[in-house]
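Now that you have both chains on their own, put them together as the hints suggest.
Chains as they are written, first to last, in my numbering: chain P, 1 to 307; chain U, 1001 to 1164.
No lab work stands behind these hints, which were simulated from the structure alone. Take these hints with a grain of salt, some might be off.
Stated by the list, open to error - Which bits of chain U does chain P cover? Going by a derived footprint, with three or more residues having C-beta under 8 Å, they are:
| no. | segment |
| --- | --- |
| 1 | 1003-1010 |
| 2 | 1016-1027 |
Stated by the list, open to error - Distance windows between CB atoms, simulated:
| no. | chain 1 | residue 1 | chain 2 | residue 2 | range |
| --- | --- | --- | --- | --- | --- |
| 3 | P | A300 | U | D1152 | 54 to 60 Å |
| 4 | U | T1066 | P | H151 | 49 to 55 Å |
| 5 | U | R1102 | P | K129 | 30 to 36 Å |
| 6 | P | E280 | U | K1017 | 38 to 44 Å |
| 7 | U | D1105 | P | S143 | 45 to 51 Å |
| 8 | P | E174 | U | I1052 | 38 to 44 Å |
What you are looking at is a predicted structure, and each value in this text was computed from that prediction instead of being measured. Note that the Cβ used here is the ideal one computed from N, Cα and C, for glycine as well.
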Amino acid sequence: MSDTPNSPAVIAVLEEIAQWKNRADLEFGSSMAEVDKEEDAARRAIEEAQRQLLALATLRAELRDKHGQIAMEAERRERAALREGLSADRTVIETRAAMLEAAIAARDAELQRQLQDPEIAAAVEEYEKFVEVEAGLASLPASYRRAILDHHEKVRRRLEPVIAASNAGPPRLELEPVGVGVLFAMDPPDGTPEALVAVLPVPFSVCRDWADRKEDLAALFAYRVVAAVSRLLGAVGAGNAPIQYTELAGCLAVQVWLGDCELQGDLNERALEEIDALREEAEELSAAGIELYGLWVRAAMLADEEG
Amino acid sequence: MAGLELFQRMSVEQVAKWLELHPFEIIRILVADGSLPSDLKLDAGNVERIRIAGGLETWWEGAPTTDEGEAPARALVRGLLKMVVEKGYVEPKSVRADNLFRGLDAESQRNLRRAVNALIREGVLASSMSATGLTVTIATGRDEEVRAFAADGTGVVDRLWDQD
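Looking at chain U on its own, in the form it has when it is part of the complex (with noise of 0.2 Å):
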């Protein structure tokens, strides 16, 4: 038989599970949009608006396919990068950086993390923060060398991530 949890609204942690976020970025959220309700505990009504607001996407549903002897962390990035082509995220439009780890396993999501730290500092990302979390998008004039990398692997991003 049911508990009490089938009656009862879910708490920060529990949707911040659910959505793969820090339980603080769901309450930033929540404030910027209005709508943290007072007693800290959460309905559906919430998490939706939580997702419309932080502008929550789930990019990956499984690992990326690799061409023929393409190692699967490059194949990761390559696949990131053509979904971020694909969507448009070129300066000024900017997605939220967590959606680029959302659906991944704890390792794929590690190495993309640090491929992405290294893709910002070399300028090819920038990243900014927004009162709904940080946000990344393509630097202005490196869109064609991201393209270039999703596309078939080459040019500038290919080296850095050699270099990394």
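Looking at chain P on its own, in the form it has when it is part of the complex (with noise of 0.2 Å):
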């Protein structure tokens, strides 16, 4: 300390500031104990927050998978409708099949029945002699022939309400009609296509064990769809495309390759044209009172399930 006495003011103001410093500490101290405080509050409140980010995140990744699982479970009840619905339409044709083979075979019967009146059956007898020497009639003297040909015209012309009623399509059942579908996909579903497949919902033995077999409304059927398909090919440009035919879930499948062909048109648009056709076009179908339609799907869908 200086020897000079220092004046009582000096000193007075010396005491303030040290008092006055004092304070500052003391409100310093007490500030950051506050700024501590509210520091440690955040921090935990961040830790909290990046507790609750995580939980979200897991969350997320359980909804994501779960939401995958519905996809695939909605696939999986997809693939099931569409094989049930191949299956159930097959049972309308096998059913409508057999019902419309015994109103022929009814209508056959009738027939066969007018066919042994005795002036018809006389009629028939002449109108068979006549297809067992047809071939032969060229060789024959031209009067002699004309004769023979004057005469089976008038034998034909008696015979007509039968022939023409055994060649009229078939009766109508009068039935509800009832929808049945042709499923078609296409391979890769977007982008230029490689394969089309057509599945109809009749047993695969219409192709495999067609000679052993009753050509029945089935079998027509698949004729039907055949035809429909050669002539979508053909509308496309893919007339020589080469055409596979399968089972799939007991079904018949047309398969086509379409990888070697530069497709012109709308393959979707023309096949359900097609259907549209056939729908106007098959009577037998008309007269079993099915209703078909045409319905895309996705190629996956008609897939074996995996596992």
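See the structure below:
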């Protein structure tokens, strides 16, 4: 300390300064404690938020996983529904095929009964004789041949109602119409198609065992779809595309390799147009009360389930 | 006395059996020809169209003659290749595949189908699809080998046949 005595006023000022600094120090300490407390609170909040973010990320992953399973489950259900639909439609066709066969048999029996009428029976006999000698007519003298042909024409006219009736379309069953579908799929689903498949609700045996089974409604249905697919291919410039007939869920599938073709036109639209045309043309389906429709599905839905 | 069939047109199945074709082939030929009747009932005119538009021929009228000691199945293949050569079916000219077998009994058809498949696998014959069905031809550059086998049973084709 200096030997120079301080004035009381200076001492007072210095004391005030010291007190002021003391108060400031205390305030600083108190404020810093507040800041530390706030900082701790903020850090805890951040940690909590991070925990929440982690929990949300986990939840998001779980939801995605669950959603993925739902998508797979939806595909599984869709695939099963398509197969059940095919099976149900196949049953409809087989049931109505049997009914149509019975109706045709009854009509043919009635026509056969009409053939027993003595007058008609005589005409039938003459008709039959003509058919037997028809191939040799060219070797006969012209006048003789003309006489035979004139006579045959008279016989044919007499039998015209029977001939017309025996070639008439199938009798109508007068049943409630029921819809059955042909499933179409393209692979790949987008871009240039490499393969086309049409799955018909008829048993594969119409293709494999055709020689051993009766040509029934299911067979005629298959002919119609094969014709529709052939027309479709011709219309899009793929007339020479290789076709394979395979079994899918017990049903007939028509598979076409399009990988070597340059398609012209919209395959989707043309396929449905062909089905529309088929529906108009197929008298036997209409007689059996079957309404045909075409449905495009994803190719994956027709594939066998994995695992 | 005759029944209704005397007056009825034929079913696709009846014509398929008659022509030894699958019914779906009948349908495809008639569609390609533009002459498929809308009621799917066929008459003689339709059958003639199938024959012409489909290029149907019957090549066999019984089993082929065998050389001394030659197995019947081998003679069958040689007989077939001889006909393919004689008829000039060398790429690009091709014949419908089922013509190769029409007229033979079931077992001979089976044997011949196996042999034809082997010849296609080996590139001696080539196959391609058309709107009226599968066609077959002697592959470009392989006709001399086929000719040699058809004539005297020698050459590459003979060895292929032995392997098969």
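Against the structure, the hints:
Using a Cβ-Cβ cut-off of 8 Å, 6 residues of the segment 1003-1010 of chain U lie near chain P, which meets the minimum of three, so the contact claim holds. For the segment 1016-1027 of chain U, the stated coverage by chain P is satisfied: 6 residues place a CB nearer than 8 Å to a CB of that chain, which reaches the threshold of 3. Between A300 of chain P and D1152 of chain U the beta carbon distance is about 55 Å. The supplied range of 54 to 60 Å therefore holds. Here the CB-CB span from T1066 of chain U to H151 of chain P is close to 53 Å, well matched to the stated 49 to 55 Å.
Distance hint check: the CB atoms of R1102 of chain U and K129 of chain P are about 32 Å apart, consistent with the given range 30 to 36 Å. At roughly 30 Å, the beta carbons of E280 of chain P and K1017 of chain U sit outside the given window of 38 to 44 Å. With their beta carbons about 47 Å apart, D1105 of chain U and S143 of chain P fall inside the hinted range of 45 to 51 Å. In this structure the supplied range 38 to 44 Å holds for E174 of chain P paired with I1052 of chain U, their Cβ-Cβ distance being about 41 Å.
In summary, the one numbered hint that this structure violates is 6.
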